[in-house]
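Since the structure of chain A is provided, determine the placement of chain B on it from the hints.
Heads up: the sequence lines are chains A and B, in that order. Quick note on this note's numbering: the first sequence kicks off at 27 and runs consecutively. Quick note on this note's numbering: the second sequence kicks off at 10 and runs consecutively.
Since the hints were derived computationally from the structure, they do not count as laboratory data. C-beta atoms are modelled at their ideal positions from N, C-alpha and C, and glycine is treated no differently. Worth double-checking, as some hints may not be accurate.
Claimed, not checked - Pair by pair, the computed Cβ-Cβ distance ranges are: (1) A:R77 - B:K86: 45 to 51 Å; (2) B:D389 - A:L145: 46 to 52 Å; (3) A:M27 - B:D351: 32 to 38 Å.
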Amino acid sequence: MDELYRRWRDPETLRRIMAPFADVQPTGDGQTRWSAGPDLGSWDMRLADDRPGEFMRWEAQGGGALIREASVRFRPAAGNRGTVVVLRASLDPPGGMLGRIAAQMLGNTVPAALASKSLHYFKALVQTGEIPTTDRQPAARPDPR
Amino acid sequence: MRALIWNGVNDLRVETVKDPEIVNPHDCILRVTMSTTCGSDLHFIDGYIPTMKAGDVIGHEFMGVVEDVGPEVKNVKKGDRVVVPSFITCGQCWYCKNKLYSLCDNTHPKPELQEPVFGYPTAGIYGYTHAFGGYAGAHAQYVRVPFADNDCFKVPDGLPDEQVLFLSDAAPTGYMGADFCKIQRGDVVAVWGCGGVGLMAQKSAFLMGAERVIGIDRLPERLQMAREHVGSETINYEEVDSVLEVLKEMTGGRGPDACIDAVGMEAHGTGLQYAYDRAKQLMYMHTDRGQALREAILACRKGGTLSILGVYGVMDKFPIGAIMNKGLTVRTAQQHGQAYMDRLLDHAQKGELNPSFLATHRFSLEDAPQGYAMFKHKDDGCVRSVFIP
Numbered sequence: 027m028d029e030l031y032r033r034w035r036d037p038e039t040l041r042r043i044m045a046p047f048a049d050v051q052p053t054g055d056g057q058t059r060w061s062a063g064p065d066l067g068s069w070d071m072r073l074a075d076d077r078p079g080e081f082m083r084w085e086a087q088g089g090g091a092l093i094r095e096a097s098v099r100f101r102p103a104a105g106n107r108g109t110v111v112v113l114r115a116s117l118d119p120p121g122g123m124l125g126r127i128a129a130q131m132l133g134n135t136v137p138a139a140l141a142s143k144s145l146h147y148f149k150a151l152v153q154t155g156e157i158p159t160t161d162r163q164p165a166a167r168p169d170p171r
Numbered sequence: 010m011r012a013l014i015w016n017g018v019n020d021l022r023v024e025t026v027k028d029p030e031i032v033n034p035h036d037c038i039l040r041v042t043m044s045t046t047c048g049s050d051l052h053f054i055d056g057y058i059p060t061m062k063a064g065d066v067i068g069h070e071f072m073g074v075v076e077d078v079g080p081e082v083k084n085v086k087k088g089d090r091v092v093v094p095s096f097i098t099c100g101q102c103w104y105c106k107n108k109l110y111s112l113c114d115n116t117h118p119k120p121e122l123q124e125p126v127f128g129y130p131t132a133g134i135y136g137y138t139h140a141f142g143g144y145a146g147a148h149a150q151y152v153r154v155p156f157a158d159n160d161c162f163k164v165p166d167g168l169p170d171e172q173v174l175f176l177s178d179a180a181p182t183g184y185m186g187a188d189f190c191k192i193q194r195g196d197v198v199a200v201w202g203c204g205g206v207g208l209m210a211q212k213s214a215f216l217m218g219a220e221r222v223i224g225i226d227r228l229p230e231r232l233q234m235a236r237e238h239v240g241s242e243t244i245n246y247e248e249v250d251s252v253l254e255v256l257k258e259m260t261g262g263r264g265p266d267a268c269i270d271a272v273g274m275e276a277h278g279t280g281l282q283y284a285y286d287r288a289k290q291l292m293y294m295h296t297d298r299g300q301a302l303r304e305a306i307l308a309c310r311k312g313g314t315l316s317i318l319g320v321y322g323v324m325d326k327f328p329i330g331a332i333m334n335k336g337l338t339v340r341t342a343q344q345h346g347q348a349y350m351d352r353l354l355d356h357a358q359k360g361e362l363n364p365s366f367l368a369t370h371r372f373s374l375e376d377a378p379q380g381y382a383m384f385k386h387k388d389d390g391c392v393r394s395v396f397i398p
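Only chain A is shown next, with the shape it has when bound in the complex (with noise of 0.2 Å):
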């Protein structure tokens, strides 16, 4: 649980797990800067508790963030079969009125998704020290992922 605890603390991890969503760069002062794109628009995250090998939350700066908060918590699996990671976030779509009723039509699916995805790319890159990719692969198109 230290050890991923001191892997999520690691700006490094957080870029490299959430790069399909959003790109993360720290600012300094355990601060983060997100940026989802056009769409979706930039915010800067917080860390607002923090107990280590356990448990942190971050919560949004300002507003027009699309993810309000986030925490991840660890604790031991059953069977002494590692570690459990449980990812939330709070997500506050763009929009308005208008963006929240598509969300709210989309379900969970989307936020589910995105953050079931970073915790796959977690796992991989702590058990094996590299995330699975597509990326500059052969392929006749100009995206080849």
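Structure of chain B alone, referenced to chain A:
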């Protein structure tokens, strides 16, 4: 480099694409020396498995020579001649440590495409839809192999390419299918399908101690292969009224101890059930023609084992009642090749396993579309087309 590209349903072309490069630290680049068609490729070529993208390099059964290695590769070096199982596996996760390699947790770059359908993502595979990872395939001059230390198996000197190539997929798939059957001396094993995987399953059943193996197909040349190269008895299902009745007669009314399905979602068959499946599949109302699997379920003796190697999507009219009431054990998986490779290479070196007879037709990579057409239509007795870049 040159590579075989999927451009749409039934549209394969050889095109020039950029060479693969080392992207992750455990990668290697392989110069492909030989690759082969697999029946499961036909499912996405024909459009029954979604999530292909125009421009994908296809092919997942291959071998080659290591050309370059990433900084973290320890056991594989430039110049090594290796065979590579079709599923990409990390060797570090719980599934790999339990030898369930095709279920590896860490090699799927796009788990969000597969989780809604299967609940959890499988391992990634070369050249086989984006739902299975979207990795570039191996019908090409070069291919990137992630986790080279875990997935590249050195080929002992003296074994020619044709004998080793099928250890990439057909042989381990068939071997695993027979292993699932927990064969006891004296057992009778029936195998639906006498293509590459089915013939390898039949051969493996004998290697594991089966007394009689019965191969079922409709193509005389494949049934002949089963008899001559493997030693199986055979049934041509187009020439009998009921495969079930023939199997009952052959086994004194008891039924085969284990039934292996090596056919999958594009089964051919006869009668009303086949017409029903075919019509629904043509209208894309379901993905699977399941005649072989249904027949295997029905024919299996009470308390026997059903081993499913054929690739399926979602099937309706599935006779779960026959499985339940007869108390069948169902075992199935995509191939855990890394678990079997040492044994397979050992069998090959002792001369007990020589799958090279599957390579009925050879083509240069440039003629790969023609090779797939022959393979699909089984022209000229084609069992497997082999490509040499």
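Hints versus structure:
In this structure the hint that R77 (chain A) and K86 (chain B) lie 45 to 51 Å apart at CB holds, the actual value being about 46 Å. Range check, D389 (chain B) to L145 (chain A): Cβ separation about 50 Å, and the 46 to 52 Å hint holds. At about 36 Å, the CB distance of M27 (chain A) to D351 (chain B) agrees with the hint of 32 to 38 Å.
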